[in-house]
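Peer 1: Given chain B, put chain W in place with the hints provided.
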Amino acid sequence: MVTVQLHGPAWFFGADASLTAFAAVIAFCVAVAALRVYRVTGEKKYAFFTGSFALLTLSYLARAVTDALLEQLIITVPSTMTGMVFYFGYVSHILLALAAYLLLVIITHKITDVRVILLLFLTLIPGMLLSGSYFLSFYGLSAIFLAFVTFSYYQNYRNVCKAAACMVFIAFLLLTLSQVQFLLESLHAYWYVSAHITQAVGYLVLLFALLRTLFK
Amino acid sequence: MKRTKLDIVYDMLRAIEDKGGRIIPTHLLYKSNLSHQRMKLYLDELKQKSMIQEARENGKLVYKLTDDGRKFVQNYKQMKEFTQAFGL
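Which chain is which? The protein sequence lines are B and W, in order. What the first sequence shows, in my numbering, is residues 92 to 307, in sequence order. What the second sequence shows, in my numbering, is residues 77 to 164, in sequence order.
Bound-form chain W, shown alone:
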């Protein structure tokens, strides 16, 4: 079944959460099952919506889950139920 945008965002944020709230781009790419180009688009959007933060730790690029991102992961089930119930 084709993943919706809501599912993809959830998979990405859940992958970060599962890794203790921070993840390196390679792991995120692998976990979110997206092409590099599409993942970059999603990352830009998530950064813009303050769901993740970009940081450098020991010279390595990492993506950190923000409070808004955590809130989304918690509310995902509700939103998914809503979109399914209303056929969206």
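Only chain B is shown next, with the shape it has when bound in the complex:
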């Protein structure tokens, strides 16, 4: 029997699903932009980058739809099915997001050794399965992965010294911060609200960075 766990204060229901859907749209735009480069060059790194943001898109969509269903925003889900919706929706969100973040770490740190990549993926298994709280493990692992990606984007900004690179760095810094705020959710429901807002601002900055590259 799965216990359905709704997050955040009741007045925030709907807003969280909308902000997550907003993140999905921006992640999709980044994936499309990366796909354009991949189609020209055929290089693996662009394919992985496209894949990473495509996985993020799917992950956010799964979360947005699940939240909207559980908060009875779209349709009223029968009480016998809420457990299943919660389980499949959140498990998809967690697995897809972790795979996406890990791919981002691999790309940004230019890890090419297959054994190291396999090791990173395998360490996720005990990290998730042996944990007392899937959410804490997920947000903890996400924060670590995103912190590594952020560090790489900081170095990239220092190398290229471009406004768009700076925006990407700030966006990932905010995304890392949002994962830490999600971790604190159990302390107070307002952390959930601030985490969603920080995440949305992070994606907004990412959108500005993308627009800046497109209209250059």
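Fair warning: there could be bad hints in the mix.
[Said to hold, decoys possible] Restraint ranges, calculated between C-beta atoms of paired labels, are given here:
{"no.": "1", "chain 1": "B", "residue 1": "T203", "chain 2": "W", "residue 2": "G97", "range": "36 to 42 Å"}
{"no.": "2", "chain 1": "B", "residue 1": "I166", "chain 2": "W", "residue 2": "K116", "range": "57 to 63 Å"}
{"no.": "3", "chain 1": "B", "residue 1": "R130", "chain 2": "W", "residue 2": "Q129", "range": "14 to 20 Å"}
{"no.": "4", "chain 1": "B", "residue 1": "R130", "chain 2": "W", "residue 2": "E93", "range": "15 to 21 Å"}
{"no.": "5", "chain 1": "W", "residue 1": "E93", "chain 2": "B", "residue 2": "L302", "range": "25 to 31 Å"}
[Stated by the list, open to error] Dumping the calculated EDC-like pairs for lysine to aspartate or glutamate here, alpha-carbon to alpha-carbon at most 20 Å:
{"no.": "6", "chain 1": "B", "residue 1": "K135", "chain 2": "W", "residue 2": "D83"}
{"no.": "7", "chain 1": "W", "residue 1": "K153", "chain 2": "B", "residue 2": "E162"}
{"no.": "8", "chain 1": "W", "residue 1": "K156", "chain 2": "B", "residue 2": "E134"}
{"no.": "9", "chain 1": "W", "residue 1": "K123", "chain 2": "B", "residue 2": "E134"}
{"no.": "10", "chain 1": "B", "residue 1": "K253", "chain 2": "W", "residue 2": "D83"}
{"no.": "11", "chain 1": "B", "residue 1": "K136", "chain 2": "W", "residue 2": "E133"}
{"no.": "12", "chain 1": "B", "residue 1": "K135", "chain 2": "W", "residue 2": "D120"}
{"no.": "13", "chain 1": "B", "residue 1": "K135", "chain 2": "W", "residue 2": "E121"}
Worth flagging that the hints you see were computed from the coordinates, not collected in a lab. Every residue, glycine too, gets a C-beta built ideally from N, C-alpha and C.
Peer 2: Below, chain W alone, put in the same frame as chain B:
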């Protein structure tokens, strides 16, 4: 600084465009600053992606820039900015 694949493709297509949309292999080799072997690999890929066309004019082999190739030259700056911004 080492050229990326994106830069090399741009240099080749830009060289063709600068020559009025058609170029002979010797000039392309000189302009793209590649070895003969590597240039052949790139040419095969560009032909496959319909960015250039191979033709014979007065018995001479020439490479012509296609509409897709022109589109790439126009969009190169955007793609370059994107790859730099995301550290790719």
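Peer 1: Now tell me if each hint is right for this structure.
Peer 2: Hint-by-hint comparison with the structure:
1. Here the CB-CB span from B:T203 to W:G97 is close to 39 Å, well matched to the stated 36 to 42 Å.
2. For B:I166 and W:K116, the hinted distance range of 57 to 63 Å is satisfied, since their beta carbons lie about 59 Å from each other.
3. For B:R130 and W:Q129, the Cβ-Cβ distance of about 19 Å falls inside the hinted range of 14 to 20 Å, so the restraint holds.
4. Hint check: B:R130 to W:E93, Cβ distance near 20 Å, so the stated range 15 to 21 Å holds.
5. Distance hint check: the CB atoms of W:E93 and B:L302 are about 27 Å apart, consistent with the given range 25 to 31 Å.
6. In summary, the hint linking B:K135 to W:D83 is supported, as the alpha carbons are separated by about 16 Å, within the 20 Å threshold.
7. Among the hinted pairs, W:K153 with B:E162 is inconsistent with the structure: their alpha-carbon atoms are about 45 Å apart, more than 20 Å.
8. Distance restraint check for W:K156 and B:E134: the Cα-Cα separation of roughly 14 Å lies within the 20 Å cut-off, and the hinted pair is therefore satisfied.
9. Restraint check for W:K123 and B:E134: satisfied, since their Cα atoms lie roughly 17 Å apart, inside the 20 Å limit.
10. Using a Cα cut-off of 20 Å, the hinted pair B:K253 and W:D83 holds, with the two alpha carbons roughly 18 Å apart.
11. With a C-alpha separation of about 39 Å, the suggested pair B:K136 and W:E133 falls outside the 20 Å cut-off, and the hint is violated.
12. Between B:K135 and W:D120, the direct Cα distance comes to roughly 18 Å. Compliance with the 20 Å bound is thereby established for this hinted pair.
13. Between B:K135 and W:E121 the CA atoms are separated by roughly 15 Å; this keeps the pair inside 20 Å, and the hint holds.
Hint compliance for this structure: hints 7, 11 are not met, and every other hint is.
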